[in-house]
Amino acid sequence: PAQAPAAAPGIGLTDRFAIVVASGLGSGYSPFASGTAGTLVAVPFFFALSHLEPWLQVLSTLAFIAIAVFAATRAALYWGASDDGRIVSDEIAGYLVTMALVPAEPKFLVAG
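Under this note's numbering, residues 1 to 112 are what the sequence shown spells out, in order.
Note that these hints are calculated values from the structure, not bench results. Quick caveat: nothing in here was measured; it's all calculated off a predicted structure. A few of these clues could be false.
What follows is a list of derived Cβ distance ranges for each label pair [to be verified]: (1) 15 - 97: 37 to 45 angstroms; (2) 11 - 85: 17 to 25 angstroms; (3) 81 - 45: 19 to 27 angstroms; (4) 69 - 36: 30 to 38 angstroms; (5) 58 - 107: 21 to 29 angstroms; (6) 25 - 108: 30 to 38 angstroms; (7) 107 - 80: 37 to 45 angstroms; (8) 55 - 31: 16 to 24 angstroms.
Beta carbons are placed, not taken as given, at the ideal position from N, Cα and C, and that holds for glycine.
Kindly generate the complete structure, drawing on both the sequences and the hints.
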């Protein structure tokens, strides 16, 4: 009897995590302005972080940057493109850095 072809290797948990983070919870798949979509994902994270003590806001933002760099690197390797449009974790990190220690008021959202 003919042998069934070997199954293609599945995507591992680490790569799945990296793709979810790098794509901004999937916002990077937006067909229009994926970077802007990624930035919009950052807004709820900003509001969540704004309730923390300032030192914890900064520490959390730095932790996200480290995770985002890891995720973007893994996703770029997975997708085979170093500046793939689906990677928006840099936009999220940039927004969090810009808004760090800024009061969580609607008038400041546009400034970020």
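What are the numbers of the hints the structure violates, in ascending order? 1, 4, 6, 8
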